[in-house]
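Q: Please model the entire structure based on the sequences and the hints provided.
Listed below, chain by chain, are the residues.
There are 2 protein chains.
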Amino acid sequence: MHRKIIPDIVNDQTICAMATDETARQAAEKMVDRNVAAVVILDADGKLLGIVTERDLTRRVVAVGLAGDETKLGDIMTPNPDTLGPNDSALDALELMRIRNFRHLPVLDDGRVVGMVSIRDLYAAVKVELEENIRETEAFVFGDRYGA
Amino acid sequence: MHRKIIPDIVNDQTICAMATDETARQAAEKMVDRNVAAVVILDADGKLLGIVTERDLTRRVVAVGLAGDETKLGDIMTPNPDTLGPNDSALDALELMRIRNFRHLPVLDDGRVVGMVSIRDLYAAVKVELEENIRETEAFVFGDRYGA
Chain A
1 MHRKIIPDIV
11 NDQTICAMAT
21 DETARQAAEK
31 MVDRNVAAVV
41 ILDADGKLLG
51 IVTERDLTRR
61 VVAVGLAGDE
71 TKLGDIMTPN
81 PDTLGPNDSA
91 LDALELMRIR
101 NFRHLPVLDD
111 GRVVGMVSIR
121 DLYAAVKVEL
131 EENIRETEAF
141 VFGDRYGA
Chain B
1 MHRKIIPDIV
11 NDQTICAMAT
21 DETARQAAEK
31 MVDRNVAAVV
41 ILDADGKLLG
51 IVTERDLTRR
61 VVAVGLAGDE
71 TKLGDIMTPN
81 PDTLGPNDSA
91 LDALELMRIR
101 NFRHLPVLDD
111 GRVVGMVSIR
121 DLYAAVKVEL
131 EENIRETEAF
141 VFGDRYGA
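Protein sequences appear in the order of chains A and B. Position 2 of the first sequence, counted from 1, bears residue number 2 in our numbering, the numbering being contiguous throughout. Position 24 of the second sequence, counted from 1, bears residue number 24 in our numbering, the numbering being contiguous throughout.
Derived from the structure by calculation, the hints contain no laboratory data. Mixed in with the good hints, there may be bad ones.
Identical chains blur together in the list; that is why a pair holds if it fits in one copy or across any two.
[As the list claims (entries may be wrong)] Simulated crosslink set (DSS-like; lysine-lysine; CA at most 30 Å straight-line):
| # | residue 1 | residue 2 |
| --- | --- | --- |
| 1 | K47 | K4 |
| 2 | K30 | K47 |
| 3 | K47 | K127 |
| 4 | K127 | K72 |
| 5 | K30 | K72 |
Bear in mind the structure is a predicted one, so any value in this text is a computation, not a measurement.
A: See below:
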């Protein structure tokens, strides 16, 4: 079975959404609280504007000597990020991440952000898929009911 | 074939090594320069003391309002990290990362740090391994020389 982004990977996930005028420190605090590595930046209408990850905080705040308290997310976000759709396959998503060197991608459904997937989530799903594929091939060879 | 950490994953890799008295900002700058997400912290004899990742910079610097210029790596590193050996398998390493929620592990050979592997490196290797496994199983079923 080919796993799809929804419901196999993203499933009732709460979104970590922030606004452009919140600070890098607030984003880092939220990442700690929610144990995530990326937040989405939305406008007042809930439209996706950008994404901020641990990598952005490292490269666009710490590495350049900015103060996290004074740096607005609007100034350090990656604007207009690539996104996934609910029916995209986990394998295609992983391939997109590999090629573009992303570790997180927001999932949009009908224009709204409904989740965020990480390379870790996708890897877990794809591993299960490949293992199932092996088992099915073996079952075809040896019969699928060893005990019967 | 089961892929091993050396030479299949880590292969002639340069180490990003720093000292405890260097700063968070210097580590972030090095991560940008070298396009990595983690550095190892060594003592003067080259012994592994700890590891500092983008996650550590996010959680132990930005989230708590520290200045990257004034924060020493010795104060924010994860001391005595888990490590891999050169003969560990990629699958075992990935399983360790999944269970312990790590994304990077240093590789030690005879007490020296010889590399750093990321969950991304390992995923790529394991994916190839599982695909080969499927191909070999299929070759066993259908014959491995379709054109012969």
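Q: Run every hint past the structure and note whether it holds.
A: Against the structure, the hints come out as follows:
1. For the homomeric pair K47 and K4, the shortest alpha-carbon distance inside one copy (23 Å) is at most 30 Å, but the shortest distance between copies (45 Å) is not.
2. Taking the shortest alpha-carbon separations for K30 and K47, only the intra-copy value of 20 Å comes in at or below 30 Å, while the best inter-copy value is 35 Å.
3. For a Cα distance limit of 30 Å, the shortest separation of K47 from K127 qualifies neither inside one copy, at 33 Å, nor across copies, at 35 Å.
4. Taking the shortest Cα distances, K127 and K72 never come within 30 Å of each other, neither inside one copy (38 Å) nor across copies (39 Å).
5. Taking CA atoms no more than 30 Å apart as the test, K30 paired with K72 passes in both settings, with 14 Å inside one copy and 23 Å between copies.
Of the numbered hints listed earlier, those contradicted by the structure are 3, 4.
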